[in-house]
Amino acid sequence: MVVRCEEVWREVSNFLDGELAPGMHATMEDHFRGCKQCTAVLEGARNVIRLYGDERMLEVPMGFSQRLHRRLEEGIPRRRGNAFGWMMALGFAALVLLSFEVGNSSQATTALDLRSDMARSGVHIPADLVVVAVSDGKIFHVPGCRFIHDKDKLQTMTAGEALREGYVPCVRCLKKYLSEGQRATQSEGQTAQLEQDPE
Amino acid sequence: MPETTASLENAGEPWNEEALIRRIREGEHELFYELIRPYERRVYAAALAILRNEADAEDAAQEAVLKAFKHIRQFRAEARFSTWLIQIAVNEARMRRRKQQAVVMEPMVKEQDEDGHYTPRDFADWREIPSETLERAEVRQKLAEALNSLGQKYREVFILRDMQQLSIEDTAKALGISVPSVKTRLLRARLMLRDLLAPGLGGSWSKALSFAKGSKPW
Numbered sequence: 064m065v066v067r068c069e070e071v072w073r074e075v076s077n078f079l080d081g082e083l084a085p086g087m088h089a090t091m092e093d094h095f096r097g098c099k100q101c102t103a104v105l106e107g108a109r110n111v112i113r114l115y116g117d118e119r120m121l122e123v124p125m126g127f128s129q130r131l132h133r134r135l136e137e138g139i140p141r142r143r144g145n146a147f148g149w150m151m152a153l154g155f156a157a158l159v160l161l162s163f164e165v166g167n168s169s170q171a172t173t174a175l176d177l178r179s180d181m182a183r184s185g186v187h188i189p190a191d192l193v194v195v196a197v198s199d200g201k202i203f204h205v206p207g208c209r210f211i212h213d214k215d216k217l218q219t220m221t222a223g224e225a226l227r228e229g230y231v232p233c234v235r236c237l238k239k240y241l242s243e244g245q246r247a248t249q250s251e252g253q254t255a256q257l258e259q260d261p262e
Numbered sequence: 015m016p017e018t019t020a021s022l023e024n025a026g027e028p029w030n031e032e033a034l035i036r037r038i039r040e041g042e043h044e045l046f047y048e049l050i051r052p053y054e055r056r057v058y059a060a061a062l063a064i065l066r067n068e069a070d071a072e073d074a075a076q077e078a079v080l081k082a083f084k085h086i087r088q089f090r091a092e093a094r095f096s097t098w099l100i101q102i103a104v105n106e107a108r109m110r111r112r113k114q115q116a117v118v119m120e121p122m123v124k125e126q127d128e129d130g131h132y133t134p135r136d137f138a139d140w141r142e143i144p145s146e147t148l149e150r151a152e153v154r155q156k157l158a159e160a161l162n163s164l165g166q167k168y169r170e171v172f173i174l175r176d177m178q179q180l181s182i183e184d185t186a187k188a189l190g191i192s193v194p195s196v197k198t199r200l201l202r203a204r205l206m207l208r209d210l211l212a213p214g215l216g217g218s219w220s221k222a223l224s225f226a227k228g229s230k231p232w
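So the protein sequences, as listed, match chains A and B. Its first residue numbered 64, the first sequence is counted upward by one per residue in the working numbering. Its first residue numbered 15, the second sequence is counted upward by one per residue in the working numbering.
Hints may contain errors.
The calculated EDC-like cross-link candidates involving lysine to aspartate or glutamate, where the alpha carbons are at most 20 Å apart (straight line), are [what the hints assert, rightly or not]:
no., chain 1, residue 1, chain 2, residue 2
1, B, K197, A, E70
2, B, K113, B, E68
3, B, K84, A, E136
Beyond 10 Å from chain B on every Cβ pair, some chain A residues (computed) [what the hints assert, rightly or not]:
no., residue
4, V75
5, T90
6, S198
7, T221
Because the hints were derived from the structure by calculation, they are not lab data. On a predicted model such as this, the values are computed, not experimentally measured, just so you know. Think of the CB as a built atom: it goes at the ideal place given N, C-alpha and C, for glycine as much as any other residue.
My request is simple: use the sequences and hints to build the entire structure.
Below, the structure written as structure tokens:
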């Protein structure tokens, strides 16, 4: 089988890529052995591939990888670790439990949402303590507290009822109980720490 | 990212893309860094082949990688991830190029009709150029100039196939063209570059690359 130079030029790229049928490949090899011109084309094309295939011919800009990763960090939402999730869940559960402990001590209750985001635990307030609260307010007080607003709308109830209704204790007139609560909480924390660390 | 590597090994899973992609889809987003790391260079090269500007190419590459993350659920396992990723980079770069079309300079080399035959201009023997030649910045510069002078469609194919070593099939998929088109364009690109660079055409790099003098070999 004989092949013309024009045909060789048309197929030289496929020859280099091994894309030709074995018969055509062998025919072209024969042709190259006897044709200097086509050999020059073949070797030139091979040099082009070799030179441009060198990594130095396409260098990524300095710091490219770092900038790419920074962009990804900004654009990809990162999943929070399991430990963090568990801590959040446990913290939330503890808050709910503490908020309703007083009510639970005397009778079964239905938990209500606290009326204030600033709620502090009323765990050490005696459930039968008489308190007052404004019906559409958030806080309950000891009667006579000078921080009561809208005194015309006051309702009288027990601390247990107030907590079940979602009211939160006034941090001024009921400070005594809240402070006791804080101290008790700190004390419990220390005890727990001692139990974990025998030394 | 050693921590990630350790976590993969601890999980007892094979270090392969399929497993990585599955875990990323399940929420381990940080593993995406590991997935794309081997292909950063190719993504950049694909964008550069189309945009011809380093800053634009880098921006397009970043955007393409982000898009790949956002659409990772659409990736089909029967395809190669690298090809899919490069396709996204090509599309992103083409979109940007269309926007800047008015200001993009036309290539100096006139593109031949794909159906026409290509006739080499010169048959002088081109002895092998040792790779050490590439240490010289001016040689790299001349090679880059020759590449930039190619028409867009030849340049894209040449960069993906000969500079990034994609297979002919993957090059076709990445560019959204047929395999015969890749082969034809690749032939033209290689022979045009050969004609531009072969010593003997003008006796020196500078003369050989003086395209604008009306002595184009095609």
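Verification of the supplied hints:
1. B:K197 - A:E70: holds (15 Å)
2. B:K113 - B:E68: holds (17 Å)
3. B:K84 - A:E136: It holds: about 13 Å lies between the C-alpha atoms, which stays within 20 Å.
4. V75: With a cut-off of 10 Å, V75 of chain A comes too close to chain B, as the shortest Cβ separation is near 7 Å.
5. T90: The claim stands: T90 of chain A keeps its Cβ more than 10 Å from every Cβ of chain B (closest is about 18 Å).
6. S198: Fine: 46 Å to the nearest Cβ keeps S198 of chain A off the interface.
7. T221: Holds: least Cβ distance 48 Å, greater than 10 Å.
The structure is inconsistent with hint 4 alone, although it conforms to all the rest.
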